[in-house]
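K.L.:
Single-letter residue listing:
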Amino acid sequence: MATTQENPLLEGLQIRRTPDPCILVIFGASGDLTKRKIFPALYSLAYRHLLPERFAVVGIARTEETDDDFRERMKEAVQQFGRDEFRDDVWDGLADGIRYLAADFSDAKGLDHLVDVVNELDDERETGGNRVYYLAIPPSAFETVVDSMGKRRKSEGWRRLIVEKPFGHDLESARHLNGVIEKYFDEHEVFRIDHYLGKETVQNMLALRFANGIFEPIWNRQFVDHVQITVAESMGIEGRAAYYEQAGAIRDIFQNHLLQLLAITAMEPPIDFTADSVRNEKVKVLRAMHTPGPKSVVRGQYGLGYVEGEEVLGYREEEGVDPQSMTETYVAAKLYVDNWRWADTPFYVRMGKRLPRRETTIAIEFKRAPHPPFEELAAEGLRPNVLLVNVQPDEGVSLAIGAKVPGQGMTIRTVHMDFLYGGAFRTGLPEAYERLILDAMLGDATLFTRIDEVLEQWSLVDAIVAAWVRDRPGFPNYPAGTWGPPSADELLKRDGRSWRRH
Amino acid sequence: MTSIRDIERELSSLRTEPGAETPYQRTSVMTHTAWVPPEWVEAAEDVLSLLAERHPSRTVVLFPQPDEEEGIEGDVEVDVYPVGEGRAICTETIRVRLKGKRASAPASVVQSLLLPDLPAFLRWRGLPPFGAPEFEGLIDVVDRLVVDSTEWPDLPESYRGLTEIFDRVAVSDIAWARTSRWRPMLASLWPNIAGVQRIRVQGTAAQAHLLAGWLRSRLKHAVELEHDPSDRLVGVEIDGEPAPFPPGDPPSGADVLSEELDTFGRDRIYEDAVRAALP
Chain A
22 MATTQENPLL EGLQIRRTPD PCILVIFGAS GDLTKRKIFP ALYSLAYRHL
72 LPERFAVVGI ARTEETDDDF RERMKEAVQQ FGRDEFRDDV WDGLADGIRY
122 LAADFSDAKG LDHLVDVVNE LDDERETGGN RVYYLAIPPS AFETVVDSMG
172 KRRKSEGWRR LIVEKPFGHD LESARHLNGV IEKYFDEHEV FRIDHYLGKE
222 TVQNMLALRF ANGIFEPIWN RQFVDHVQIT VAESMGIEGR AAYYEQAGAI
272 RDIFQNHLLQ LLAITAMEPP IDFTADSVRN EKVKVLRAMH TPGPKSVVRG
322 QYGLGYVEGE EVLGYREEEG VDPQSMTETY VAAKLYVDNW RWADTPFYVR
372 MGKRLPRRET TIAIEFKRAP HPPFEELAAE GLRPNVLLVN VQPDEGVSLA
422 IGAKVPGQGM TIRTVHMDFL YGGAFRTGLP EAYERLILDA MLGDATLFTR
472 IDEVLEQWSL VDAIVAAWVR DRPGFPNYPA GTWGPPSADE LLKRDGRSWR
522 RH
Chain B
756 MTSIRDIERE LSSLRTEPGA ETPYQRTSVM THTAWVPPEW VEAAEDVLSL
806 LAERHPSRTV VLFPQPDEEE GIEGDVEVDV YPVGEGRAIC TETIRVRLKG
856 KRASAPASVV QSLLLPDLPA FLRWRGLPPF GAPEFEGLID VVDRLVVDST
906 EWPDLPESYR GLTEIFDRVA VSDIAWARTS RWRPMLASLW PNIAGVQRIR
956 VQGTAAQAHL LAGWLRSRLK HAVELEHDPS DRLVGVEIDG EPAPFPPGDP
1006 PSGADVLSEE LDTFGRDRIY EDAVRAALP
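First to last, the protein sequences are chains A and B.
Going by our numbering, the final residue of the first sequence carries number 523, and the count climbs one at a time with no gaps.
Going by our numbering, the final residue of the second sequence carries number 1034, and the count climbs one at a time with no gaps.
Treat the hints with care, as some may be off.
[Claimed, not checked] Simulated pairs of lysine to aspartate or glutamate, EDC-like, Cα-Cα distance not exceeding 20 angstroms: (1) 975(B) <-> 27(A); (2) 305(A) <-> 289(A); (3) 305(A) <-> 365(A); (4) 975(B) <-> 32(A).
Derived by calculation from the structure, the hints in this document are not laboratory data.
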């Protein structure tokens, strides 16, 4: 499109970013992710006219299925999991460009056929050779797919590769995987999803920190006592034993979501909001992270217990799990970021399955007021201010402050000043996947993890896991529906602190 | 209730849920004031009820009743919306009937009800009485005036008064917002559209004059307008050639107003279009 200088009619128009025409090829289209996240997200994008006008989707998986069956299944998925009202005209517009192909990823012939189908569709829908490949498949299948797609790369149009987590299972495997991708794709063509970064509340952390003058001056070791990050899930492993037995909480949550939340909390202000500026600052934090000693990391595994009033099995009793399994379902750790801003300020993090409720929060606990002049407080002590960022649920920000209780005397109570997303902006929060799929189509990698971040994350995990082979903790060590093993409380108690009350 | 004090007292008591220890949380994003003369009451209520849900804030609706005996009469409504687990937020609607002489000094009523430090919007139904004290007073206390010139008689002449207040208050025009799908489409016809001499617009008079004004002011040359009345903008011809229909659905009334309430600052392109719409 012409610039304003050339075309005076463009002046002042708010041109929404619309991606170039393209084809989205989903590998692993029969999986849960496609049904629960990808298609509902595509529908919501179509509903808001955010998809390019010329657009098509090709689903590919092992299961034999016709185009119509696949469309029907995806339609049901959109009706079940979508956040917008279902409209036939919107769906029909999207469904028109949907194809399905049954193929074995390890079979080069099947993939050849895919290339034919996609090229045909390209001519039919006039998508100019632009492709987004979405790898919703286990890493073991990445290699053949990336290899095949890379080799059959057409010169016309752009290529983008969306990669789901986990990106490898340790530093070495991540390096290997990257080597495979690097052969055919440049770093700017690779979009590694960490869906937490697509969440509005996580992006709001950047707005909170860098669009407000009052927080940044106190966002450092001088004013912050410590930071607590909690990623709690009430669910168990939901039938994903094969994956979870290999991954555990440390690879499932800590390596990606948790470290990304920490990086966003601790990073320096980027010079602008471009992909590289933001990611340069995040990787500095990851690089500055101090490997915790074995005493600073706590592992846990849930046993039989109650969640939301229902009796639930212990981890070792879950289907497909080794009855002697030593896989952790809970990790708590004390981490340090060794830089000028954060030296000696602990970041306490915890994450786990079968905890009492689903909650992701970042709590910045500030230092206490140095000398409260109110006598009545002497006994109880003044509570510190806490800035709480609720990533989910109850998306928003809340600041705990001390306030005087009305009446005689000087009684102080902690009250919360709340900003609730749902309250201030009642537009409905977009799902993380909507934002991320759209960004990938637009080629904006700001909210995706760069390879150097991934490698830093893995080297930290490798260092922690290396210490674990030496001892065998007595698992299970926390009942389902509790906030983790007692040793996690000990971890903070040693420092004279405690986990936030719930 | 017959005084502002009564209104305030009623509001704070309504905010407290009966029997609960913590009051409903009030979310403050803006104050939205609407001036609703009798003939607009029904239309205004429809839009307002859709709006409250999207822009949870304080809404002050002013009903001028200059022929009645002097006094003010108000009622207050607090709507509660659930958000998240076990929480609720409330939005406030204050309806004030300004009777007799009170109808000429509404700014003094509004000022005491504005939420501090937050933007204030004034939605004026119908053609504002430019120069009249009730209007002049109100635009001085708000940040943005929202009108819909579709509701105005005698276009484009009626735009003259509007051009005189551009330096005092930022103006949004819903009629202009309703051309927003068409403008990018017309812009995409560049460079062929650069020399356009004549346009024919099938739509409201406001839309026709604003589109013509927009083309004149941006292209910096005369563009003749032929207007084909219709209650919606359904077609534009450029020198006799029909322009393609823009993609997407036309937005609803509440959608358009809602979008205007997200906008701050002056819209210079609109201001230029209005000036150029005048004969």
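K.L.:
Against each hint, give a clear statement of whether it holds in the structure.
P.N.:
Do the hints match the structure? See the list:
1. 975(B) <-> 27(A): 14 angstroms, holds
2. 305(A) <-> 289(A): Roughly 9 angstroms between the alpha carbons, so the hint for residue 305(A) and residue 289(A) holds.
3. 305(A) <-> 365(A): 17 angstroms, holds
4. 975(B) <-> 32(A): 13 angstroms, holds
Violation of the numbered hints given earlier is absent; every hint is satisfied by the structure.
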